[in-house]
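Just so we're aligned: the sequence shown equals residues 6 to 424 in the working numbering.
FYI, nobody ran anything at the bench for these hints, they're computed from the structure. Values in this document were obtained by computation on a predicted structure and should not be read as measured data. Virtual Cβ for every residue (Gly too), placed ideally from N, Cα, C. Careful, some of the hints might be misleading.
What the hints assert, rightly or not - Beta-carbon label-pair distances, calculated as ranges: (1) Glu196 <-> Arg388: 27 to 35 Å; (2) Ala105 <-> Glu347: 56 to 64 Å; (3) Phe204 <-> Val120: 41 to 49 Å; (4) Phe128 <-> Val319: 27 to 35 Å.
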Amino acid sequence: MSLVDEVTETASPQSPQAHRTRIPAVSAEAARPERRRPGKAALEDAYDVVGALLAGASVATLLFGWIAPLTGAVGWVVVAYLVFIAGYAVLVSLRSDRLAVVNRVVTVLLYSAGVMVLAALVFVVIYTVGRGVPALSNINFFFETMRFAGPLDPLSDGGISHAIVGTLIQIGIALAITVPLGIMTAVYLNEIGGRFARFVRTVSDAMTALPSIVAGLFVYAALITLVTKERSGFAASVAITVMMLPIVIRSADVVLRLVPHQLREASYALGSSRWRTVWKVVLPTSRSGLATAVILGTARGIGETSPVLLTSGVTAEMNTNPFSGPMISLPLQVFNFVQSPEPNMIARGFGTAAVLILLVLSLFVVARLIGGRGAGVLSEGQRYRAARRSREDLMRIVRRPRTADYAAPAPSSRSQENS
6 MSLVDEVTET
16 ASPQSPQAHR
26 TRIPAVSAEA
36 ARPERRRPGK
46 AALEDAYDVV
56 GALLAGASVA
66 TLLFGWIAPL
76 TGAVGWVVVA
86 YLVFIAGYAV
96 LVSLRSDRLA
106 VVNRVVTVLL
116 YSAGVMVLAA
126 LVFVVIYTVG
136 RGVPALSNIN
146 FFFETMRFAG
156 PLDPLSDGGI
166 SHAIVGTLIQ
176 IGIALAITVP
186 LGIMTAVYLN
196 EIGGRFARFV
206 RTVSDAMTAL
216 PSIVAGLFVY
226 AALITLVTKE
236 RSGFAASVAI
246 TVMMLPIVIR
256 SADVVLRLVP
266 HQLREASYAL
276 GSSRWRTVWK
286 VVLPTSRSGL
296 ATAVILGTAR
306 GIGETSPVLL
316 TSGVTAEMNT
326 NPFSGPMISL
336 PLQVFNFVQS
346 PEPNMIARGF
356 GTAAVLILLV
366 LSLFVVARLI
376 GGRGAGVLSE
386 GQRYRAARRS
396 REDLMRIVRR
406 PRTADYAAPA
416 PSSRSQENS
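Model the full structure from these sequences, guided by the hints.
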């Protein structure tokens with residue numbers, strides 16, 4: 006029976022509900038199936054992945070252990086991965102169409118790329134820290150210098166405090182120059198533009214691939230040879246700035262381009278000037294991206310060895326004056342340590358590299374704390390100050406003296422004539 010026949014039989018023409026349509030109740034058997042979330046994997050997908058992994062490991066083991074004369078862990082991993090991809094595609098094709106097979110295989114490739122990058126990073130960190138544990142286990146390694154320690158001295162003598170201080174001073178001066186100059190240049194490229202802006206963007210893009218040794222030679226020839234006549238921490242900071250500046254400019258330029266133009270137009274519609282719009286709207290909106298740009302530039306500059314080798318000089322003593330005398334940094338200290346064939350010096354080199362990794366991680370955490378919040382999200386201190394200002398405004402409004410009532414207007418001559 007169709008829906009029209011059911012409506013005709015249940016509603017006669019004389020009844021007031023003759024022209025109404027009644028929807029029949031849906032039975033439990035005809036209920037809709039449960040919707041599947043896009044990010045939720047089904048149980049069959051897990052079975053396909055596990056089966057493909059087992060097939061890849063089994064085939065690689067048979068080839069390397071029984072059938073073919075193949076050896077090597079790297080080759081085993083490559084063969085197992087290729088068989089895993091092929092087996093996964095076959096298992097998915099048993100119950101899906103071609104488009105679903107391509108989608109699943111590409112997804113597995115992307116996940117594999119992420120896992121490979123993460124595994125490489127974890128391997129580097131674990132290997133560096135593991136080789137540097139003999140040096141890191143001595144507390145003097147962080148608080149002493151190498152002034153009275155030599156290659157044959159035990160790890161209980163000497164440390165890298167002078168290199169830590171030198172790195173912090175050099176990267177601090179470089180950040181003090183790079184951050185305002187790079188962000189202002191990016192603001193100029195996006196907010197003003199013009200022919201000169203295109204030239205500046207082209208030069209900054211070209212400087213991104215500048216070899217670090219060229220930057221060191223430039224600073225050595227232009228600053229040390231002609232001005233200071235000696236290697237110093239400031240010269241090393243200038244060389245690091247040359248390496249960091251194009252990274253910060255290019256990254257900040259991309260981030261500022263992502264700010265919606267509607268925000269700028271709304272600020273202009275409220276009567277704000279261009280620079281106030283940049284300061285109050287554009288920069289706060291892109292704060293997280295700008296922090297990432299600074300992180301990228303810092304990671305590029307803090308690990309440079311070639312420009313520092315030519316400009317800072319090598320010393321085993323503490324030097325806190327960046328304008329006088331040589332000032333060593335952590336990358337250059339690692340380079341000096343690993344040149345020695347002594348096991349203790351090599352252990353000091355790996356320990357220094359581990360400290361450098363920890364320092365970069367600390368700077369990354371600090372930068373994310375500063376710029377990790379989204380636009381409009383206030384910190385605890387900002388919310389407290391905003392609430393305090395609101396209370397002060399409320400008290401000022403309450404304490405404002407009330408004005409006298411307006412006097413009744415005097416009757417006009419026309420009103421007197423009418424009365």
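To see whether the hints hold, each was checked on the structure:
no.: 1; hint: Glu196 <-> Arg388: 27 to 35 Å; in the structure: 30 Å, holds
no.: 2; hint: Ala105 <-> Glu347: 56 to 64 Å; in the structure: 60 Å, holds
no.: 3; hint: Phe204 <-> Val120: 41 to 49 Å; in the structure: 42 Å, holds
no.: 4; hint: Phe128 <-> Val319: 27 to 35 Å; in the structure: 30 Å, holds
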